[in-house]
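The hints should help you fit chains B and C onto chain A, whose structure is shown.
If you read the protein sequences in the order shown, they are chains A, B and C. FYI, the numbering for the first sequence is 196 to 474, going by our numbering. FYI, the numbering for the second sequence is 387 to 707, going by our numbering. FYI, the numbering for the third sequence is 16 to 459, going by our numbering.
A couple of the hints might just be wrong.
[Claimed, not checked] Derived DSS-like pairs (lysine-lysine); straight-line CA-CA distance at most 27 Å:
1) C:269 to A:257
2) C:392 to C:436
3) A:200 to B:515
4) A:257 to C:78
5) C:162 to C:454
6) B:559 to C:307
7) B:480 to C:249
8) A:204 to B:470
9) A:327 to C:249
10) C:142 to A:257
11) A:301 to B:420
12) C:450 to B:480
13) A:249 to C:269
14) C:438 to B:480
15) C:153 to C:401
16) C:242 to B:470
17) C:249 to B:559
18) C:153 to C:164
19) B:615 to A:200
20) A:204 to B:420
21) C:286 to A:244
22) B:422 to A:301
23) B:480 to C:436
24) C:195 to A:327
25) B:599 to A:461
26) A:249 to C:312
27) B:559 to C:286
28) C:74 to A:271
29) C:401 to C:202
30) A:257 to C:307
31) C:195 to C:249
[Said to hold, decoys possible] Facing chain B, from chain A, some residues (calculated, C-beta under 7 Å):
32) 223
33) 239
34) 245
35) 447
36) 450
Derived by calculation from the structure, the hints in this document are not laboratory data. The beta-carbon is built from N, C-alpha and C at its ideal position, and this holds for glycine as well.
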Amino acid sequence: MKARKRISKILTVILLLLVSVIILIPFWFLLISSFKPAADIFGNGLNIKLDFSKMSFENYMKLFHVQDGIFWIWFKNSVVITVIQTVLVLVFCSMVGYGLAQYNFKGRNLIFTLVLVMLMVPGDILLIPMYKLVTNLGLMDSFAGVILPGVVPAATVFFFRQYAIGLPRDYGEAARIDGAGEFRIFAQVYAPMMLPAYGAMTIMTAMGAWNNFLWPLIVMRSDENLVIPAGLLTAMTPYGNNYDIVFSGSMMSIIPIIILFLLNQKSFINGMTIGGIKG
Amino acid sequence: MASVQSESNRQSGLQPQIRQEIKTPAPKRRKINKQKVAPYLFVLPFVIVFLVFSVYPFVNAIIMSFQRLHGLDDTVFVGLRNYKQLIHDPVFYKVLWNVTRYTFWTILILIPLPLVLAVIMNLDSTPYKSFFRSVFFLPVLTSTVIAGIVFRFAFSRESTGVFNTWIGHLGIKPVDWLDSPHTAMFALVVICVWRWLGVNMIYFLSGLQSIPKELYECAEIDGASPWVKFKSITLPMVRPITTYVLTISILAGFSLFNESYVYWGASSPDDIGSTFLTYIYKNAFGQGEFGYACTLGVAMFVIVMIINFIQVTVRGLFKED
Amino acid sequence: MKNKHNPARKIFSFFLAFLLIASFSLAGCGNKSATNKTSDGKTKLVMWTFVQQHADYWKDAVKTWNKNHPKEKIDLKVNVLPFDQMNQKLQVALNSGNGAPDIADIEIGQFATYTKSSTVPFVDLTKTVQPYMANLVKSRVDNYTFKGKVYGLDYHVGTTVVYYNMDIMKKAGIDPSTIKTWEDYTKAGQTVKQKTGKYMTSVETAADFVLDAMISQQHSDVIKNGKSAAAQDKNIKALQMLHDWVYKYGIAKKAESGNQDNEEYFGAFNKGNYASVIMPEWYMSRMVTYMKNLSGKIDIEPLPVFNSGDNRSAGLGGTSTVVTNQATDKALAKKFVVESKASKEGAIKQWTILGFDPIRSDVWTAPEMKADNQYTKYFGKDIFDKISALKNEIGGMSFTSSAYPTVNDQLLTNTIPNVMKNKVSVKKALEDADKAANKKLTSK
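Isolated chain A, as found in the complex (with noise of 0.2 Å):
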């Protein structure tokens, strides 16, 4: 029995890795990349070999010094946005969420049915009557017009409903009989058990926030209210790509986000137990 167990271990670990070694090939690539001259990156087809002689972190210096050290502030807008937006959506989703799945009440399907609506408008064609509105409330060039319109995203709001709706209801009824409030009932009984939907909401409105650009762009005056991915895209232009930049530059907005997917992980999802419902 334990021998089985170890091989099929084993096996498990084998055959992970040999996907993760295909799955990072692109991520290998961007890796050593940034520290080469991109001449050397597309001078004989695509380069992927680590070669120490060619390597430098001369990408990264051009990368911090570019426009007067503008890089650095792109990353404190990204920061910013990425933080305030997520703490605010995972608070507004999650009530939203709980609330249409541990309650019946009049309208429920309707907003329910709402959201789901709201999820398949393709955003594009909504730029200009947004951008209109946005100016009408006077809150173009402003974070609050960048994070707004994003604060109750639909698939979130929908993500959290499904979690919510999987949980038992008797805890709710016996914590009501006991006298609690119901803000107390979703802050004390149900966000606990909700804590992996949180963790997951965290990492993917953060990693949405952190690489959505072009509406913060469109509302920001000036270029240096741009985030991380506009400002790494102005370094591709139809008179060549500065590639120096998009690599390192790249790398260095990974790196923020792996953080907060390990944290994410050690705090929501590892050794996550839920008490069983009993009798």
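Only chains B and C this time, still in chain A's reference frame:
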């Protein structure tokens, strides 16, 4: 959690149902009202933001779908002309066919596979879980620009491209991957599976976390095999999440843009890579036809809605209590 | 127990409120100030571009302007935005009537979307440009002229030439300067293939620089009277030749990735896969960056011709700088833009800062054009001697006609791929393009 005990419970020591009946009328009414009002308060943020930032712009976009922009801020109402043009537009049908095929393939691969992966990643017996989860998640963080460069090179028509080298070993001549419909679809599916496998895995992982371990333990005691455990415990318990992933995948399939754009930009040979969004983008910003772009958007919206509503009704989304 | 949790809840609600307020109060950042003058009397102008080097060019231009016009000083803020997104943002801003900059770069392929209406959202520069007209390359000004009014000035001419890999040409024993007609070129290609095994050139399947050059040099076009007119004899001849190079003579093959302005192709050319490539002057920057193996080995020659009377070049690509209709000080912006682009001093900077062939042809013989830089090191000092010889043979096409995006879309999506796959005859393919494009155009 259920440790808060009120005086009345301790005093009466009766069963839960009877406990409720003994409560005095006045507090009960207050509690019921709070319970009735609470859900509305919970969903209020969504409703406000939805009305302001979603309904209003969408209604505007629908109005625009009946207009032609005659210049940058000069619109002309043209009634149903845009819709008539849509019905006679061969590219519309190509685009519809492309995204339908693409959605079909991604659902086929990007639902079972991540689920299996999530199950493996959830087992206590799997070592180095954090590492592997990070690895599978990494692709979605790699910017589409970079991913596009790598995959475009990989699917190069030259015999030295990655895929052509592999099929070369099998004795097949180099293929012009990005130039014909079927191979183009393959290229799209490959980059998308690569990119989104980890994400769907994360969704399923969180769903698996809510399944009480006791259920599995009971089943094991009863001698259930891994497959039976999976079929009778995992699958049903993870159903709501599966519905979520399915709905999102249908939407994502129809909303395909980035992956197609990095292969071909807005113009693919014979429109083999054109999607709803690349076509909308081309009309809106490449040719300044915002009106027609909105028409396409509305059409796409209606189609996706119909498909998803059929899907969720069949799966009983609204009865999931 | 109730008391224990209330503080936590209070803290939580305060935190939430704080975040919301913080979002709103950050609304104060970056608002456009009420006046458009700085404290020392300079007029503030905002410009959007999508190329960092262009921003450098304008920062330098504003210094020059302020030196020469001390009473009308300008404080220029240049925003560098990503290419696609800047186009989207500008269209949205011009469409909504607010938020657009004073000055903007518009790439030639995107210009047509702004001329769809009878009122172009840019300021008419004609009178300001008038004094310089005689020295500017006319076809480049024509690109941004709409209904007789000039709306923008370019950064370069984009003189199209043939770049020959001399290692291969010498091995084949051919002197490129003896190639005068396309017949000569095709014959030379056969010799090259025979003696070196290399292809003479590549053909594009996902772009049409070469085809456009060949159409333009014959004084032809793909648009006539606002309608699609791709199936003209001269155009058929050009596309047929490109097709035959691959399928009849075997002297060319499909470019890697279908586009000669692409990283995959750079590597291939650098490796010596082709004896020559036909591209505009700005291709030099690609070679300098990505094709280091060929430094000092490239010879630049004019385009061969179909018939005498054809131009030996064409102007391809381009970006114009315009003044938008939302500019705060239109008169000043006009003068600034035109002078910076079209004056001698400004035009020379198009080479020294940007490495482009300036839009003012009389400066091509200026000494600055021979000063040492990365281009002269790579190509030699006589680059502009060669290009100067072509200055009266640079035409264009209706690149900025409002019909062009539709027609070009047909060519790129259907015509060229199908012809290069040998699926349909050249004549039929072009006729199909006309049919499809005109159908779309007339439904407007």
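**Hints the structure fails to honour** = 1, 2, 6, 7, 8, 9, 10, 13, 17, 20, 24, 32, 33, 34, 35 and 36
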